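Q: Sequence:
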Amino acid sequence: MTESNTYSDGATQPTGEVLGGPQADSTRKDPQEWATGDEPMTGAQRSYLDTLAREAGEEISADLTKAEASEHIDRLQSRSDRVPTDS
1 MTESNTYSDG ATQPTGEVLG GPQADSTRKD PQEWATGDEP MTGAQRSYLD TLAREAGEEI
61 SADLTKAEAS EHIDRLQSRS DRVPTDS
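If you count the sequence shown from 1, position 24 lands on 24 in full-length UniProt numbering, and the numbers rise without skipping.
Honestly, the hints are just simulated from the structure, not real lab data. As the structure is a computational prediction, the values presented were derived from the model and not from experiment. Every residue, glycine too, gets a C-beta built ideally from N, C-alpha and C. It is possible that part of the hints are untrue.
Unchecked claim - Label-pair distances were calculated between CB atoms; the ranges are:
# : residue 1 : residue 2 : range
1 : G57       : T36       : 12 to 20 Å
2 : D74       : A35       : 23 to 31 Å
3 : A35       : G57       : 18 to 26 Å
4 : P40       : D74       : 13 to 21 Å
5 : R79       : S47       : 32 to 40 Å
6 : T42       : S78       : 31 to 39 Å
7 : D81       : A35       : 27 to 35 Å
8 : K29       : G57       : 16 to 24 Å
9 : S80       : K29       : 17 to 25 Å
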């Protein structure tokens, strides 16, 4: 039998790993855990990172991996008015 939590309205939810809840976003994985994170950044990442870096007044190496580019994009987006995209 699967353990469950009982809520005040009588509904139950299984304990353990669940999908669709606020506990975790399964679509976002730490870039360092990506299977292809050590590959060169994509053209889309390069273009977007170039735009963000220019807007922030930063110079960033053009020789980045997908994971590194994603981390820079996340960092620069957090300082920008731009709406985050998937990187």
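Q: Assuming the hint says 18 to 26 Å, is it satisfied by the Cβ distance from A35 to G57 or not?
A: 34 Å, violated
Q: Do R79 and S47 keep their Cβ atoms within the hinted range of 32 to 40 Å?
A: Since the Cβ atoms of R79 and S47 sit about 19 Å apart, the hinted range of 32 to 40 Å is violated.
Q: Holds or violated: the 27 to 35 Å window for the beta-carbon distance between D81 and A35?
A: 32 Å, holds
Q: Starting from the range 16 to 24 Å, see whether the pair K29 and G57 falls in it by beta-carbon distance.
A: 30 Å, violated
Q: Taking the beta carbons of G57 and T36, is their distance inside 12 to 20 Å?
A: With a Cβ separation near 30 Å, G57 and T36 fall outside 12 to 20 Å, so the hint is violated.
Q: Given a hint of 31 to 39 Å, does the C-beta separation of T42 and S78 actually sit inside it?
A: 21 Å, violated
Q: Are S80 and K29 spaced within 17 to 25 Å by their CB atoms?
A: 22 Å, holds
Q: If I claimed the Cβ atoms of D74 and A35 lie 23 to 31 Å apart, would that claim hold in this structure?
A: 19 Å, violated
Q: Take the C-beta atom of P40 and the C-beta atom of D74, compute their distance, and say whether it sits inside 13 to 21 Å.
A: At roughly 18 Å between Cβ atoms, D74 and P40 fall inside 13 to 21 Å, so the hint holds.
Figure legend: structure checked against the earlier numbered hints; hints not met, in rising order: 1, 2, 3, 5, 6 and 8.
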